[in-house]
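**Q** Next come the chains, spelled out residue by residue.
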Amino acid sequence: MGYGKYKEFADKIRKDCLYMCNVGASGHIGSMLSSADLIAVLYEKILNVDPNYPDDPDRDRFILSKGHAGAVVYAALAEKGFFPKEWMGTYYCDNGKLMGHISHHVPGVEYSTGSLGHGLPVCCGKALALKKQKKESRIICLMSDGDCNEGSTWEAIMFAAQTGLDNLTAIVDYNHIQALGFTKDIINLKGLTSKVAQFGWGVVDIDGHNYQEIEEALSHLPLEKGKPTFIVAHTVKGKGVSFLENTVASHYAHISDELLEKALQEIGD
Amino acid sequence: MRKAFNKTLLEIAREDSRINLVLADIGYGEIEPFANEFPNRYYNVGVAEQNMTGVACGLGMEGNIAVTYSIANFPTLRCLEQIRNDVCYHDANVKIVIIGGGVSYGPLGVSHHSTEDLAIMRALPNIVVMAPCDIPEAIAATHAMIEHDGPVYYRCGYKNEPNIHNGAIDFKLGKAITVEEGDDLTLFFVGPIGIEAKKAAEAARKRGIKTRLVSMHTIKPIDREAIVAAARETGKIITVEEHNLSGGLGSAVAEVLADEGALDVKFKRMAFPDIYVGEVGSQEWLRSLYNLDAAGIEKEIYAICGV
Ligand SMILES: [Mg+2]
Chain A
15 MGYGKYKEFA DKIRKDCLYM CNVGASGHIG SMLSSADLIA VLYEKILNVD
65 PNYPDDPDRD RFILSKGHAG AVVYAALAEK GFFPKEWMGT YYCDNGKLMG
115 HISHHVPGVE YSTGSLGHGL PVCCGKALAL KKQKKESRII CLMSDGDCNE
165 GSTWEAIMFA AQTGLDNLTA IVDYNHIQAL GFTKDIINLK GLTSKVAQFG
215 WGVVDIDGHN YQEIEEALSH LPLEKGKPTF IVAHTVKGKG VSFLENTVAS
265 HYAHISDELL EKALQEIGD
Chain B
44 MRKAFNKTLL EIAREDSRIN LVLADIGYGE IEPFANEFPN RYYNVGVAEQ
94 NMTGVACGLG MEGNIAVTYS IANFPTLRCL EQIRNDVCYH DANVKIVIIG
144 GGVSYGPLGV SHHSTEDLAI MRALPNIVVM APCDIPEAIA ATHAMIEHDG
194 PVYYRCGYKN EPNIHNGAID FKLGKAITVE EGDDLTLFFV GPIGIEAKKA
244 AEAARKRGIK TRLVSMHTIK PIDREAIVAA ARETGKIITV EEHNLSGGLG
294 SAVAEVLADE GALDVKFKRM AFPDIYVGEV GSQEWLRSLY NLDAAGIEKE
344 IYAICGV
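As given, the protein sequences belong to chains A and B, one line each in that order. Sequential numbering of the first sequence, starting at 15, is according to this note's numbering. Sequential numbering of the second sequence, starting at 44, is according to this note's numbering.
It is worth saying that the hints were derived from the structure and are not from the lab. Cβ atoms here follow ideal geometry from the backbone N, Cα and C, with glycine treated the same way. Everything hinted at is true.
With a cut-off of at most 30 Å between alpha-carbon atoms, the simulated DSSO-like pairs for lysine-lysine come out as follows:
| no. | chain 1 | residue 1 | chain 2 | residue 2 |
| --- | --- | --- | --- | --- |
| 1 | B | K50 | B | K242 |
| 2 | A | K146 | B | K50 |
| 3 | B | K46 | A | K146 |
Reference excerpt, derived from the structure (chain A facing chain B, CB under 8 Å, subset only):
| no. | residue |
| --- | --- |
| 4 | H132 |
| 5 | C138 |
| 6 | L142 |
| 7 | G165 |
| 8 | E169 |
| 9 | A170 |
Construct the entire structure; sequences and hints are all you get.
**A** Pasting the structure below:
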């Protein structure tokens with residue numbers, strides 16, 4: 015089967031994010047663009063969520079722990095009909111519908127974050143609860159490499175393995191850049207995959223922009239029976255917009271009208 | 044009091060299968076009955092209070108009542124942002140219980156003194172803040188905590204707290220309980236230090252001063268009516284708490300007095316004077332060192348009454 019639909023959806027998400035950062039005169043576009051392909055596959059294929067029944071108790075729980083990239087989820091939800099697309103025009107604005115960091119006040123958003131290291135512990139609690147209820151729901155947490163600096167993330171990594179939460183999947187959008195620089199120069203996450211494997215998770219490295227690899231990894235959860243799954247998605251910060259790609263500046267870059275036009279041209283129709 | 048709490052929680056858990064206990068490797072000798080009886084509702088996350096609180100939040104958001112439990116500041120200050128961003132902001136059904144409010148663990152030192160907790164927890168939206176004073180209150184407060192849908196902070200004592208109430212109590216969340224009637228002054232207290240207030244009031248009564256003694260077991264929401272009535276009817280208010288001066292019971296009472304324009308009142312806050320209690324000693328000894336014992340409170344009663 016083709017992966018064109020993912021590309022199409024990811025392009026929409028990228029353009030929506032650029033547009034939101036432009037209207038909101040806000041940052042974090044690099045973090046959104048690096049996640050866009052992961053989000054596209056999640057919302058196009060993987061997640062069992064329904065805009066007509068957003069509180070379905072049997073839904074999958076998706077928590078974005080890297081809450082600063084909230085707009086990437088807002089874009090997917092808007093495109094999937096969870097709320098009117100016009101709301102994106104109010105992102106970050108006075109009396110707007112969409113706040114900068116992801117908010118559960120937005121239809122379809124499972125959980126609010128914005129301070130790193132909060133997502134995975136809560137996912138562990140939800141995974142425990144849903145396992146006990148014998149639900150098929152999966153709990154998926156998308157984290158940043160910055161998230162992996164937080165001690166609370168590692169507390170949860172140890173706990174999830176100890177309790178065998180095989181309904182839990184953590185994906186790291188490993189774009190190698192955090193707020194002030196390259197991760198290797200701040201807190202080097204080298205060997206992240208094998209470290210987490212040592213902690214007792216089923217692990218896999220994928221190219222976070224390769225739809226086939228993303229789909230393959232997320233279609234066979236858990237990777238190992240009885241273990242939580244850790245997917246290290248190697249990505250490029252600012253992916254899809256040449257002047258943002260792999261730059262520290264893309265974390266806080268302002269998307270002016272001029273840059274917006276240039277970026278949209280690169281992504282194309 | 045911790046025994047009464049644990050026993051009551053276990054009894055409620057037998058009737059209410061939603062209750063889960065989430066620990067961070069604290070509770071030796073106390074939590075085993077729950078762990079043994081409900082192994083599927085008991086989690087020890089290890090020494091990891093942030094994860095304890097996050098896990099509890101996740102459980103609480105999926106139809107459970109999650110109780111976190113530890114001593115002193117471990118389940119509050121160590122994981123304060125998890126309480127704020129996760130539990131309170133999401134209004135998750137999580138109950139945060141500490142054992143050893145104030146300087147219950149006196150000689151263990153400053154790390155084990157919870158003397159800012161009431162102020163800090165009270166500052167968070169969506170949470171109820173309680174601190175029972177004796178066993179009957181502790182039992183009633185445990186029931187009230189579970190019955191309340193949403194975040195609760197429960198500051199438990201430690202051990203050997205004497206009864207303060209004179210008989211059966213009518214415990215309602217957010218509603219102060221009058222222990223003794225009186226119209227010369229009002230003594231508001233929170234928590235087991237109330238026994239010192241009670242002794243002081245009894246001594247003063249022998250000299251003809253009739254103290255209205257009130258247990259303010261819930262700091263948030265606070266009983267505004269009881270405070271305004273105390274100001275109007277007794278004209279003098281002393282607050283007593285095993286906590287620092289900033290932001291606790293005394294502050295909460297002062298805020299209500301100011302808000303309600305009930306400022307024509309003599310007012311004294313008794314608490315630790317905005318310090319870390321660095322001296323080595325038992326709870327009883329530390330109370331006396333800082334004039335928070337019965338003798339110290341009695342002196343303040345006479346001072347405020349001008350006798
Ligand atoms: Mg990053």
